[in-house]
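So the protein lines, in turn, are chains L and W.
Just so you know, we're using the working numbering here: the first sequence kicks off at 41 and counts up by one.
Just so you know, we're using the working numbering here: the second sequence kicks off at 41 and counts up by one.
Don't read these hints as lab results, they were simulated from the structure.
Errors might be hidden in some of the hints.
[What the hints assert, rightly or not] Calculated lysine to any residue pairs in the SDA-like style (CA-CA distance at most 25 Å, straight line):
{"hint": "1", "chain 1": "L", "residue 1": "K56", "chain 2": "W", "residue 2": "D368"}
{"hint": "2", "chain 1": "L", "residue 1": "K68", "chain 2": "W", "residue 2": "A375"}
{"hint": "3", "chain 1": "L", "residue 1": "K447", "chain 2": "W", "residue 2": "P351"}
[Unchecked claim] Chain L residues, not near chain W, derived (Cβ > 12 Å throughout):
{"hint": "4", "residue": "K68"}
{"hint": "5", "residue": "V81"}
{"hint": "6", "residue": "A84"}
{"hint": "7", "residue": "K88"}
{"hint": "8", "residue": "L250"}
{"hint": "9", "residue": "N344"}
Backbone N, C-alpha and C fix where the C-beta goes; we use that ideal spot for every residue, glycine too.
There are 2 protein chains.
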Amino acid sequence: MSVEETIRKMAQSAKKAARKMSVLNSDKKNEALERIAQKLVENASKIKDANEKDLDYGKEKGLSDAMIDRLTVNDAVIESMATGLRDVAALPDPVGGITGMWLRPNGLQVGRVRIPLGVIGMIYEARPNATIDAAGLCLKAGNAVILRGGSEAFHSNTVLGLIIQDALRETDIPEGAAQVIPVRQRDAVNALLVQEDSVDLIIPRGGEGLIRFVVENSKIPILKHYKGVCHIYVDKMCDLGMAEEVSFNAKVQRPGVCNAMETLLVHQSQAESFLPKMAKRFIGAEVELRGCPKTCRILTEAQNATPEDWPMEYLDLILAIKVVSTMDEAIEHIAKYGSAHTESIVTSDYSRARKFLRQVDASVVLVNASTRFNDGGELGLGAEIGISTSKLHAYGPMGLEELTTTKFIVFGDGQIRT
Amino acid sequence: MSVEETIRKMAQSAKKAARKMSVLNSDKKNEALERIAQKLVENASKIKDANEKDLDYGKEKGLSDAMIDRLTVNDAVIESMATGLRDVAALPDPVGGITGMWLRPNGLQVGRVRIPLGVIGMIYEARPNATIDAAGLCLKAGNAVILRGGSEAFHSNTVLGLIIQDALRETDIPEGAAQVIPVRQRDAVNALLVQEDSVDLIIPRGGEGLIRFVVENSKIPILKHYKGVCHIYVDKMCDLGMAEEVSFNAKVQRPGVCNAMETLLVHQSQAESFLPKMAKRFIGAEVELRGCPKTCRILTEAQNATPEDWPMEYLDLILAIKVVSTMDEAIEHIAKYGSAHTESIVTSDYSRARKFLRQVDASVVLVNASTRFNDGGELGLGAEIGISTSKLHAYGPMGLEELTTTKFIVFGDGQIRT
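Next comes chain L alone, as it looks inside the complex (with noise of 0.2 Å):
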C-alpha cells in the first residue's frame, strides 16, 4: 500500500471513529484513559527498548545534548505520562454542556450545546510523551485523532501507538479513535494535509519551519503558533522591585520556551533607576544584554542592539532592551515586533493598566506577572494542546474546550416560518 493509501484509509477509519466517539459517555473515555496509563506502567520496559533505538539513531545523526534529553523516555517520563492521563480523567468533559439557551418571541428554545471537533491530526516534533498527552486530550473532548511525531521518535512512537490501540480495544472504543501514523518518511505528512474530506483540523506543534510547512500545504483548517516574541513593560509609575522580579522570572526561569520575555521595554523616567540593578541580576545569570542607544549609554554591558534583534525569539539567554519616552511607543513596538502571543506591564497606574490591556493585541495580556504565565496549566484550563496566535476558534492556550465547537439545539411545537 502506497504512503497515500495508507493515510487515507487511517483518516477514513479516524472519521468513522469519531462518530462513535462523539457520543461516548464520561465514563467510558475515562476508562480509555486510565488503561493507556496503566499499560504504560505495565509496557514500560518494551517503551525504553525503543526508545534505545530512537536514541542510539540521533546520537548516530548527531541531535543535541538537548535534543536528545527531550527524545529520552525513562521510568520518570513513562510514570508522568501515566499520571498525564489521569489529571485529564479527571477534569471534567466538556462535550455535551450547554453553553447557552433562550426562547424566541415563538416560544421555540434555542441553545448551544458543545460537541467534539471531528476529526484532528497533530504534527508535532522530538518529544515521544506528546504523543500520550495529545491523545489523552483528544479522546477526552470526543475527537478521533491521527498522531505524527518527529522521525527522531519513529520507534518510541509506534510503540506508545500500539499500547493505546490495545487499550481502545479492550475498552470497546474503535481503534481508528487514536492512530499513530506507522510511516517515517515526510511523505505521510503531505499526505495527512489533503484528508480534508476526513480531516476537520491540523494542530502542528513545533519549530517555524515545521508550522509554515504545514500552511503552505494544508487545505484542512489549522490552528497553530508560530513563535513568541513576548514583552515587558516596566512603566512610568510601578514597584521596580516587583518590575525585577518579574523581569527576571521571564527571562530566565526556562529561556527556551514560547512564553519566556525576549525584549524588555523600559519607560524612561524609570530606565536610570531600574535598568543598572537589573542589569546587574541578568548578567548574574548569563543572559546577554541587546540595547537600544539610550539603553547602552546607561548599561555599558550591553551591546549595540541591531534591527534584526527587535524581531527575534531568541529562546536563550540573550534580552533585548530598549527605552520609550512614553507608553504608547512602548505598544507601537510591540504591535509592530511582537507576535501577538504574550505581553505584559508592570504599573502601579489604573487607567495605564486598563489602556494596555485594551489596545495591546495579543493571546494573553498581563498585569504585574511573569509571561511565562501564558500556559493552559498555569491559566486553569487543566491541560494545553498547544498555544494559539491567530485569532480563528482560539486566541491563546487551548484546553479540552478548544477541541470542541457547540451546535444549535432547537426545541419546538411545530413551529413553522410565515
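With chain L fixed as given, assemble chain W onto it according to the hints.
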C-alpha cells in the same frame, strides 16, 4: 498600479484601520452606521443610476429574471439597507464583553475578553445589499472589512463603497475600515486570497463553485458553507398533522434557500397514513416528488429517485422521499448524505428526540420545527453574516459574536512562575 498592488495596499490600509477600530467605543461605531444609513437615503438616485448600468449589462449578458430581481436596487431596497444598519446599531456591542473570569490559587485573576477578529475579506455574489449588510456587521464588531461583490453588481457596489467611505470620513474613522474593491477583474479575488499578512478571515458567500475556488486558493482561514442538504425525519411516534405542516413549510415556503428541506425521511410505520396526504399537499404546490421504491409503491405520483437524488441540493420545488425501517437508518442516511447544515425530527417521543439531538451532526438540529429556522435572525442572534457548516470557530449561523474572538487578560500583583 497593478491589481495585486492595489489589493495589497487596501489590505495594509485595512490592517492599520483595524487597530483603530478595535478600541473604538460603541457610540462611535453606531454613529458611523447611522451616517451610512442617512447617506444611502440621501444618495438614492445616484445609487439607482449606478444600478441601472448593472441591470443593462446584466440583461445584455442574459441574466435570468431571478438574478435580475436580486440585482435590482430600488427605493424599497435602499430603505431596507438603511433599516438593517439601524438594527445592527441597536444590537449590543460584543467587543469588550468578559466571557468568564476566575481566580487562580496563586491569586492571579484570569479572564477572557471579547475582541474583534481584525481584517475580514468578504467575497459574495449578486445582491448589492450584501455590501451594506456585511459592512455594517463587520464595523459594529470592530473589524475592518474588504468587500468584493459579484462583477454583475460592480457599479452599484462602487457607489455604495463611496458612500461608506464618506460616512467613515465624516465620523473620523479611517477609510481603510470598510473598502469596496475598485477592480472588476477576477484577479482581484486571487490577490485578496494571498494577503495572509494583513487579512485574518475570508468569508465567501455564494454558489458552491465560488466557495470551492476560495478554499482552493486561500492561505487565510475561511468560514464557509458549501450547501444545505437538509432533512426532516418523521418519526414512528409523532403528530402527523404537525409533521405535515412542518414538512410543507420546510420545502415550500422558500425553496431556493439553503435551509429548505431537500429530502423527507419517513418511518415505515407512518408511511401509509402520512405520505398520501402529504403528497397531495406537495403536488398542489407543484412540488415534484422523487421517491425510494417503498415510497413509489405508496405514491404512484412520485418518480423513482436515482442515487444522484440523495446528496442533491435542489434549491427548487423538488423533494426526495425515503421510507426508513428504523430511526437508526434515518440517522445513517443523514450522516451519509447530509451537509451538516440543518436537520429536524418530528416526534412525540422523549428519548428519541434526545437521541436525534445527540447523534445527528449538523450546525442546527431541531425537534418539531421547520428547517427554515436556521437563520441568525430567527434563532435570536440579531443579524447574520452567513452560516458555517465547518466546525472551526463557528458552526451554524454567524452573528456579531462570531465576528469576534477572545483574548486572555490576567491581573496580578507581581506573580512569578516557580
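Next item on the list: Compare the structure with the hints numbered earlier in the document and write down the numbers of the violated ones, lowest to highest.
Entry: none
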